[in-house]
Amino acid sequence: MREKLLGKTPEELREVAMKVGLPAFAGKQMAQWLYVRKVTDIDQMTNISKAGREALKADYDLGVVLPSGCQVSSDGTKKYLFPVGNGNSVEAVMIPDADRKTLCVSSQAGCRMGCKFCMTGRQGFHGNLDPAMILSQFIAVDEAQELTNTVFMGMGEPLDNYDNVMRAIEVLTAPWGFAWSPKRITVSTIGVIPSLRKYLDSTKCHIAVSLHNPFGEERAEIMPVQKAWPVADVVSLLREYDFSGQRRVSFEYTMFGGLNDDKRHADALYRLLKGMECRVNLIRFHKIPDSPFETSPQLIMENFRDRLSAHGITCTIRASRGEDILAACGMLAGRHATEKPC
1184 MREKLLGKTP EELREVAMKV GLPAFAGKQM AQWLYVRKVT DIDQMTNISK AGREALKADY
1244 DLGVVLPSGC QVSSDGTKKY LFPVGNGNSV EAVMIPDADR KTLCVSSQAG CRMGCKFCMT
1304 GRQGFHGNLD PAMILSQFIA VDEAQELTNT VFMGMGEPLD NYDNVMRAIE VLTAPWGFAW
1364 SPKRITVSTI GVIPSLRKYL DSTKCHIAVS LHNPFGEERA EIMPVQKAWP VADVVSLLRE
1424 YDFSGQRRVS FEYTMFGGLN DDKRHADALY RLLKGMECRV NLIRFHKIPD SPFETSPQLI
1484 MENFRDRLSA HGITCTIRAS RGEDILAACG MLAGRHATEK PC
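So for the sequence shown, my numbering puts the first residue at 1184; every next one is plus one.
Keep in mind that the hints are not guaranteed to be accurate.
Cut-off 20 angstroms, straight-line C-alpha distance, at most; resulting in silico cross-link-like pairs (PhoX-like, lysine-lysine) [what the hints assert, rightly or not]: (1) 1221 x 1299; (2) 1187 x 1202; (3) 1470 x 1299; (4) 1211 x 1187; (5) 1457 x 1470; (6) 1470 x 1446; (7) 1446 x 1457; (8) 1202 x 1240.
Okay, the calculated beta carbon distance ranges per label pair [stated by the list, open to error]: (9) 1450 x 1194: 32 to 42 angstroms; (10) 1472 x 1234: 31 to 41 angstroms; (11) 1413 x 1268: 33 to 43 angstroms; (12) 1485 x 1249: 34 to 44 angstroms; (13) 1507 x 1441: 19 to 29 angstroms; (14) 1497 x 1186: 18 to 28 angstroms; (15) 1441 x 1194: 52 to 62 angstroms; (16) 1457 x 1224: 32 to 42 angstroms; (17) 1485 x 1451: 42 to 52 angstroms; (18) 1186 x 1458: 44 to 54 angstroms.
Since the hints were made in silico from the structure, they are not lab data.
Bear in mind the structure is a predicted one, so any value in this text is a computation, not a measurement.
Backbone N, C-alpha and C define an ideal beta-carbon position, used for all residues, glycine too.
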(Lines of atoms letter the chains of each structure in order from A and count residues from 1; the text may use other names and numbers.)
(Lines give C-alpha, C1' and ligand atoms only; values in the text may rest on other atoms or scores of the structure.)
Protein backbone atom coordinates (compact mmCIF):
# COMPACT_ATOMS: atom_id res chain seq x y z
CA MET A 1 0.00 0.00 0.00
CA ARG A 2 1.34 3.42 -0.97
CA GLU A 3 2.00 5.95 1.79
CA LYS A 4 -0.25 9.02 1.98
CA LEU A 5 1.13 12.52 1.52
CA LEU A 6 -1.88 14.35 2.95
CA GLY A 7 -1.32 15.08 6.62
CA LYS A 8 2.47 15.29 6.44
CA THR A 9 4.39 18.36 7.61
CA PRO A 10 6.77 20.24 5.27
CA GLU A 11 9.71 18.54 7.01
CA GLU A 12 8.17 15.11 6.38
CA LEU A 13 7.40 16.06 2.78
CA ARG A 14 11.01 17.20 2.37
CA GLU A 15 12.14 13.71 3.36
CA VAL A 16 9.68 12.23 0.87
CA ALA A 17 11.05 14.45 -1.89
CA MET A 18 14.62 13.40 -1.23
CA LYS A 19 13.67 9.70 -1.10
CA VAL A 20 12.26 9.83 -4.62
CA GLY A 21 15.13 11.87 -6.03
CA LEU A 22 13.50 15.31 -5.96
CA PRO A 23 15.26 18.40 -4.57
CA ALA A 24 14.58 19.11 -0.91
CA PHE A 25 12.62 22.28 -1.72
CA ALA A 26 9.99 20.11 -3.45
CA GLY A 27 8.70 19.36 0.06
CA LYS A 28 7.54 22.96 0.42
CA GLN A 29 6.04 22.83 -3.05
CA MET A 30 4.05 19.73 -2.12
CA ALA A 31 2.79 21.41 1.06
CA GLN A 32 1.57 24.35 -1.04
CA TRP A 33 -0.27 22.06 -3.43
CA LEU A 34 -1.81 20.01 -0.62
CA TYR A 35 -2.89 22.68 1.84
CA VAL A 36 -3.16 25.96 -0.09
CA ARG A 37 -4.21 24.84 -3.56
CA LYS A 38 -6.03 21.76 -2.14
CA VAL A 39 -5.32 19.59 -5.16
CA THR A 40 -6.85 16.12 -5.43
CA ASP A 41 -4.25 14.44 -7.66
CA ILE A 42 -0.44 14.33 -7.72
CA ASP A 43 -0.48 15.20 -11.44
CA GLN A 44 -1.92 18.61 -10.52
CA MET A 45 1.42 19.52 -8.88
CA THR A 46 2.61 21.10 -12.11
CA ASN A 47 5.76 22.82 -10.81
CA ILE A 48 7.18 19.37 -10.06
CA SER A 49 8.60 17.66 -13.13
CA LYS A 50 6.59 14.91 -14.78
CA ALA A 51 9.36 12.43 -13.97
CA GLY A 52 9.25 13.59 -10.35
CA ARG A 53 5.49 13.15 -10.18
CA GLU A 54 5.81 9.63 -11.60
CA ALA A 55 8.45 8.82 -9.00
CA LEU A 56 6.13 10.09 -6.29
CA LYS A 57 3.20 8.02 -7.57
CA ALA A 58 5.27 4.86 -7.49
CA ASP A 59 5.50 4.89 -3.69
CA TYR A 60 3.04 7.53 -2.51
CA ASP A 61 -0.60 8.40 -2.84
CA LEU A 62 -1.96 11.92 -2.39
CA GLY A 63 -4.41 10.54 0.17
CA VAL A 64 -7.43 12.62 -0.82
CA VAL A 65 -10.66 10.61 -0.70
CA LEU A 66 -13.42 11.97 -2.91
CA PRO A 67 -17.05 11.76 -1.73
CA SER A 68 -19.10 8.94 -3.18
CA GLY A 69 -22.39 10.75 -2.66
CA CYS A 70 -24.01 13.94 -1.50
CA GLN A 71 -27.45 15.04 -0.33
CA VAL A 72 -28.81 18.57 -0.12
CA SER A 73 -31.33 19.67 2.50
CA SER A 74 -34.18 22.06 1.90
CA ASP A 75 -32.34 24.50 4.23
CA GLY A 76 -29.14 24.38 2.16
CA THR A 77 -27.24 21.98 4.41
CA LYS A 78 -25.20 19.42 2.46
CA LYS A 79 -24.21 15.94 3.62
CA TYR A 80 -21.23 14.25 1.95
CA LEU A 81 -20.50 10.53 2.10
CA PHE A 82 -16.82 9.49 2.17
CA PRO A 83 -15.64 5.88 1.76
CA VAL A 84 -12.87 5.09 4.27
CA GLY A 85 -12.03 1.47 3.48
CA ASN A 86 -13.15 -1.98 4.60
CA GLY A 87 -16.65 -1.26 3.38
CA ASN A 88 -17.07 1.66 5.81
CA SER A 89 -18.12 5.21 5.08
CA VAL A 90 -18.36 8.41 7.12
CA GLU A 91 -20.34 11.57 6.66
CA ALA A 92 -19.38 15.25 6.73
CA VAL A 93 -21.98 18.01 6.88
CA MET A 94 -21.57 21.51 5.42
CA ILE A 95 -23.83 24.04 7.15
CA PRO A 96 -24.28 27.43 5.46
CA ASP A 97 -25.35 30.37 7.63
CA ALA A 98 -25.17 33.89 6.17
CA ASP A 99 -21.45 34.50 5.51
CA ARG A 100 -20.35 31.37 7.40
CA LYS A 101 -19.85 27.90 6.01
CA THR A 102 -19.15 25.40 8.77
CA LEU A 103 -18.00 21.84 8.11
CA CYS A 104 -19.00 19.21 10.66
CA VAL A 105 -16.32 16.53 10.25
CA SER A 106 -16.05 12.89 11.32
CA SER A 107 -13.05 11.42 13.12
CA GLN A 108 -14.02 7.73 13.36
CA ALA A 109 -16.04 5.17 11.43
CA GLY A 110 -18.73 4.44 13.98
CA CYS A 111 -18.05 5.12 17.64
CA ARG A 112 -17.24 3.09 20.73
CA MET A 113 -18.93 5.46 23.23
CA GLY A 114 -22.35 3.82 22.86
CA CYS A 115 -24.62 6.82 23.56
CA LYS A 116 -28.18 5.46 23.35
CA PHE A 117 -29.64 8.43 21.47
CA CYS A 118 -27.03 8.59 18.67
CA MET A 119 -27.21 6.73 15.36
CA THR A 120 -23.42 6.63 15.11
CA GLY A 121 -23.04 5.19 18.61
CA ARG A 122 -25.59 2.48 17.91
CA GLN A 123 -23.62 1.08 14.99
CA GLY A 124 -20.49 0.27 17.01
CA PHE A 125 -16.87 1.10 16.32
CA HIS A 126 -15.27 0.33 12.94
CA GLY A 127 -11.96 2.19 13.09
CA ASN A 128 -10.14 5.49 13.50
CA LEU A 129 -9.72 7.87 10.58
CA ASP A 130 -6.14 8.77 9.79
CA PRO A 131 -5.17 12.43 9.19
CA ALA A 132 -5.64 12.09 5.44
CA MET A 133 -9.18 10.75 5.85
CA ILE A 134 -10.02 13.64 8.17
CA LEU A 135 -8.42 16.32 5.99
CA SER A 136 -10.05 14.91 2.85
CA GLN A 137 -13.36 16.12 4.24
CA PHE A 138 -12.03 19.70 4.03
CA ILE A 139 -10.43 19.34 0.61
CA ALA A 140 -12.93 17.28 -1.38
CA VAL A 141 -16.19 19.12 -0.60
CA ASP A 142 -17.47 21.60 -3.15
CA GLU A 143 -17.04 24.42 -0.62
CA ALA A 144 -13.36 23.65 0.12
CA GLN A 145 -12.18 27.20 -0.61
CA GLU A 146 -15.12 28.85 1.17
CA LEU A 147 -15.15 27.11 4.56
CA THR A 148 -14.99 29.49 7.52
CA ASN A 149 -15.30 27.15 10.51
CA THR A 150 -15.27 23.51 11.52
CA VAL A 151 -16.62 21.38 14.32
CA PHE A 152 -15.31 17.90 15.06
CA MET A 153 -18.85 16.86 15.85
CA GLY A 154 -19.60 14.32 13.13
CA MET A 155 -19.19 10.58 13.49
CA GLY A 156 -16.99 9.33 16.31
CA GLU A 157 -15.45 10.67 19.51
CA PRO A 158 -12.55 12.95 18.47
CA LEU A 159 -10.60 12.54 21.70
CA ASP A 160 -10.76 8.76 21.30
CA ASN A 161 -8.68 9.29 18.14
CA TYR A 162 -6.45 11.89 19.74
CA ASP A 163 -3.20 11.66 17.76
CA ASN A 164 -4.84 11.68 14.34
CA VAL A 165 -7.24 14.49 15.23
CA MET A 166 -4.41 16.58 16.64
CA ARG A 167 -2.33 16.08 13.49
CA ALA A 168 -5.31 17.25 11.43
CA ILE A 169 -5.67 20.31 13.69
CA GLU A 170 -1.94 20.99 13.30
CA VAL A 171 -2.38 21.08 9.52
CA LEU A 172 -5.49 23.25 9.80
CA THR A 173 -3.78 25.86 12.02
CA ALA A 174 -0.14 25.83 10.87
CA PRO A 175 1.13 28.74 8.71
CA TRP A 176 2.31 26.16 6.16
CA GLY A 177 -1.09 24.42 6.26
CA PHE A 178 -4.57 25.91 6.06
CA ALA A 179 -3.42 28.76 8.33
CA TRP A 180 -6.73 28.85 10.17
CA SER A 181 -7.06 30.59 13.52
CA PRO A 182 -7.78 28.15 16.38
CA LYS A 183 -10.93 30.25 16.95
CA ARG A 184 -12.39 28.66 13.82
CA ILE A 185 -12.18 25.14 15.24
CA THR A 186 -14.32 23.40 17.86
CA VAL A 187 -13.81 19.85 19.10
CA SER A 188 -16.79 18.08 20.66
CA THR A 189 -16.30 15.36 23.27
CA ILE A 190 -18.21 13.33 25.82
CA GLY A 191 -15.29 14.04 28.15
CA VAL A 192 -12.42 11.60 27.63
CA ILE A 193 -10.52 13.05 30.56
CA PRO A 194 -6.93 11.93 29.79
CA SER A 195 -7.11 13.20 26.21
CA LEU A 196 -9.16 16.25 27.20
CA ARG A 197 -6.38 17.50 29.45
CA LYS A 198 -3.78 17.02 26.70
CA TYR A 199 -6.02 18.81 24.22
CA LEU A 200 -6.55 21.79 26.53
CA ASP A 201 -2.82 22.01 27.24
CA SER A 202 -1.72 21.85 23.61
CA THR A 203 -4.24 23.90 21.63
CA LYS A 204 -6.32 27.07 21.84
CA CYS A 205 -9.22 25.62 19.87
CA HIS A 206 -12.70 25.66 21.38
CA ILE A 207 -14.17 22.70 23.26
CA ALA A 208 -17.79 21.50 23.37
CA VAL A 209 -18.80 18.90 25.96
CA SER A 210 -21.74 16.55 25.38
CA LEU A 211 -23.43 16.72 28.78
CA HIS A 212 -27.15 15.89 28.30
CA ASN A 213 -27.93 15.24 31.96
CA PRO A 214 -26.48 16.81 35.14
CA PHE A 215 -27.32 13.79 37.30
CA GLY A 216 -24.63 11.11 37.10
CA GLU A 217 -26.90 8.07 37.50
CA GLU A 218 -29.36 9.34 34.90
CA ARG A 219 -26.59 10.30 32.49
CA ALA A 220 -25.11 6.80 32.79
CA GLU A 221 -28.39 5.31 31.52
CA ILE A 222 -28.03 7.08 28.18
CA MET A 223 -24.23 7.57 28.10
CA PRO A 224 -22.26 4.51 29.32
CA VAL A 225 -19.03 6.57 29.40
CA GLN A 226 -20.36 8.33 32.50
CA LYS A 227 -19.06 5.33 34.47
CA ALA A 228 -15.50 5.87 33.23
CA TRP A 229 -15.47 9.68 33.11
CA PRO A 230 -18.17 11.20 35.35
CA VAL A 231 -19.45 14.54 34.15
CA ALA A 232 -18.64 16.10 37.53
CA ASP A 233 -14.99 15.16 37.00
CA VAL A 234 -15.07 16.58 33.47
CA VAL A 235 -16.43 19.90 34.73
CA SER A 236 -13.89 19.91 37.57
CA LEU A 237 -11.08 19.52 35.03
CA LEU A 238 -12.46 22.34 32.87
CA ARG A 239 -12.55 24.66 35.87
CA GLU A 240 -8.74 24.49 35.93
CA TYR A 241 -8.59 26.41 32.63
CA ASP A 242 -9.31 30.00 31.68
CA PHE A 243 -12.16 30.44 29.22
CA SER A 244 -12.56 34.18 29.67
CA GLY A 245 -10.48 34.97 26.60
CA GLN A 246 -10.67 33.78 23.01
CA ARG A 247 -11.10 30.07 23.73
CA ARG A 248 -14.66 29.00 24.56
CA VAL A 249 -16.19 26.06 26.36
CA SER A 250 -19.77 25.09 25.63
CA PHE A 251 -21.99 22.30 26.88
CA GLU A 252 -24.27 20.45 24.48
CA TYR A 253 -27.57 19.44 26.04
CA THR A 254 -29.99 17.35 23.97
CA MET A 255 -33.54 17.76 25.25
CA PHE A 256 -35.53 14.55 25.74
CA GLY A 257 -39.23 14.89 26.52
CA GLY A 258 -39.96 13.96 30.13
CA LEU A 259 -36.41 12.73 30.71
CA ASN A 260 -34.10 15.70 31.28
CA ASP A 261 -36.13 18.81 30.53
CA ASP A 262 -37.76 19.90 33.82
CA LYS A 263 -36.92 22.47 36.50
CA ARG A 264 -35.07 19.89 38.57
CA HIS A 265 -32.63 19.27 35.72
CA ALA A 266 -32.27 22.96 34.89
CA ASP A 267 -31.44 23.80 38.51
CA ALA A 268 -28.98 20.90 38.80
CA LEU A 269 -27.31 22.01 35.56
CA TYR A 270 -26.96 25.50 36.98
CA ARG A 271 -25.39 24.15 40.18
CA LEU A 272 -22.96 22.04 38.14
CA LEU A 273 -21.81 24.96 35.98
CA LYS A 274 -22.21 27.85 38.43
CA GLY A 275 -19.38 30.36 38.14
CA MET A 276 -17.95 29.00 34.89
CA GLU A 277 -17.44 31.16 31.81
CA CYS A 278 -19.43 28.94 29.45
CA ARG A 279 -22.41 28.54 27.18
CA VAL A 280 -25.12 25.88 27.14
CA ASN A 281 -26.54 24.88 23.76
CA LEU A 282 -29.93 23.20 23.95
CA ILE A 283 -30.46 20.73 21.10
CA ARG A 284 -33.78 19.32 19.99
CA PHE A 285 -33.66 15.52 19.97
CA HIS A 286 -33.99 14.24 16.42
CA LYS A 287 -35.98 11.04 16.32
CA ILE A 288 -34.05 8.00 15.09
CA PRO A 289 -35.42 4.52 14.27
CA ASP A 290 -36.34 2.25 17.20
CA SER A 291 -35.58 4.94 19.77
CA PRO A 292 -37.59 5.15 23.01
CA PHE A 293 -36.82 8.85 23.37
CA GLU A 294 -39.14 11.71 22.48
CA THR A 295 -38.44 15.33 21.60
CA SER A 296 -39.11 18.05 24.17
CA PRO A 297 -41.80 20.52 23.07
CA GLN A 298 -40.56 23.93 22.01
CA LEU A 299 -42.21 25.67 24.98
CA ILE A 300 -40.48 23.32 27.42
CA MET A 301 -37.14 24.05 25.76
CA GLU A 302 -37.77 27.79 25.97
CA ASN A 303 -38.69 27.54 29.66
CA PHE A 304 -35.52 25.53 30.32
CA ARG A 305 -33.43 28.13 28.50
CA ASP A 306 -35.07 31.00 30.36
CA ARG A 307 -34.55 29.33 33.74
CA LEU A 308 -30.83 28.92 33.06
CA SER A 309 -30.59 32.46 31.69
CA ALA A 310 -32.24 33.81 34.83
CA HIS A 311 -29.48 32.11 36.83
CA GLY A 312 -26.84 33.87 34.73
CA ILE A 313 -25.94 30.92 32.47
CA THR A 314 -25.69 31.90 28.80
CA CYS A 315 -28.08 29.47 27.10
CA THR A 316 -29.36 29.21 23.53
CA ILE A 317 -31.54 26.83 21.58
CA ARG A 318 -29.60 25.57 18.58
CA ALA A 319 -31.46 25.68 15.29
CA SER A 320 -31.81 22.25 13.70
CA ARG A 321 -30.21 21.96 10.28
CA GLY A 322 -30.43 19.19 7.71
CA GLU A 323 -32.93 16.99 9.51
CA ASP A 324 -34.71 16.07 6.27
CA ILE A 325 -31.52 14.39 4.99
CA LEU A 326 -30.57 12.85 8.36
CA ALA A 327 -27.74 15.34 8.81
CA ALA A 328 -28.78 16.85 12.16
CA CYS A 329 -27.15 16.11 15.53
CA GLY A 330 -27.15 12.42 16.38
CA MET A 331 -28.40 11.29 12.97
CA LEU A 332 -25.16 10.49 11.09
CA ALA A 333 -24.85 6.83 10.18
CA GLY A 334 -22.21 6.66 7.45
CA ARG A 335 -24.54 5.68 4.66
CA HIS A 336 -27.10 7.23 2.34
CA ALA A 337 -30.42 5.80 1.31
CA THR A 338 -29.57 6.90 -2.22
CA GLU A 339 -26.14 8.03 -3.26
CA LYS A 340 -25.86 10.70 -5.91
CA PRO A 341 -23.53 13.54 -6.78
CA CYS A 342 -24.54 17.03 -5.65
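ask   = Falls inside 44 to 54 angstroms, the C-beta gap from residue 1186 to residue 1458?
value = holds (49 angstroms)
key: Restraint check for residue 1187 with residue 1202, where alpha carbons must lie at most 20 angstroms apart   = holds (14 angstroms)
ask   = Given the hinted pair residue 1446 and residue 1457, is their alpha-carbon gap at most 20 angstroms?
value = Roughly 16 angstroms between the alpha carbons, so the hint for residue 1446 and residue 1457 holds.
query = Is it true that residue 1413 and residue 1268 lie within 33 to 43 angstroms of each other by Cβ?
reply = Because 35 angstroms falls inside the window, the suggested range holds.
ask   = residue 1221 and residue 1299: Cα distance at most 20 angstroms?
value = violated (37 angstroms)
key: 20 angstroms Cα cutoff - pair residue 1211, residue 1187   = Given that 20 angstroms is the threshold and the Cα spacing comes to 16 angstroms, the pair holds.
request  = Mind checking the alpha carbons of residue 1202 and residue 1240 for me, to see if they're no more than 20 angstroms apart?
outcome  = holds (12 angstroms)
message = Just to be careful, I want the Cα atoms of residue 1470 and residue 1299 compared with a cutoff of 20 angstroms; is the pair within it?
response = holds (12 angstroms)
request  = Please test the hint of 42 to 52 angstroms on the beta carbon pair from residue 1485 and residue 1451.
outcome  = Check failed, 19 angstroms falls outside 42 to 52 angstroms.
task = Could you see if the CB distance from residue 1497 to residue 1186 stays within 18 to 28 angstroms?
result = Violated, since residue 1497 and residue 1186 (Cβ atoms, about 46 angstroms apart) do not stay within the stated range.
request  = For the pair supplied as a hint, residue 1470 and residue 1446, confirm whether the alpha-carbon distance does not exceed 20 angstroms.
outcome  = violated (23 angstroms)
key: Assessment of proposed distance window 32 to 42 angstroms (beta carbons of residue 1457, residue 1224)   = violated (54 angstroms)
When held up to the earlier numbered hints, the structure conflicts with 1, 5, 6, 9, 10, 14, 16 and 17 and fits the remainder.
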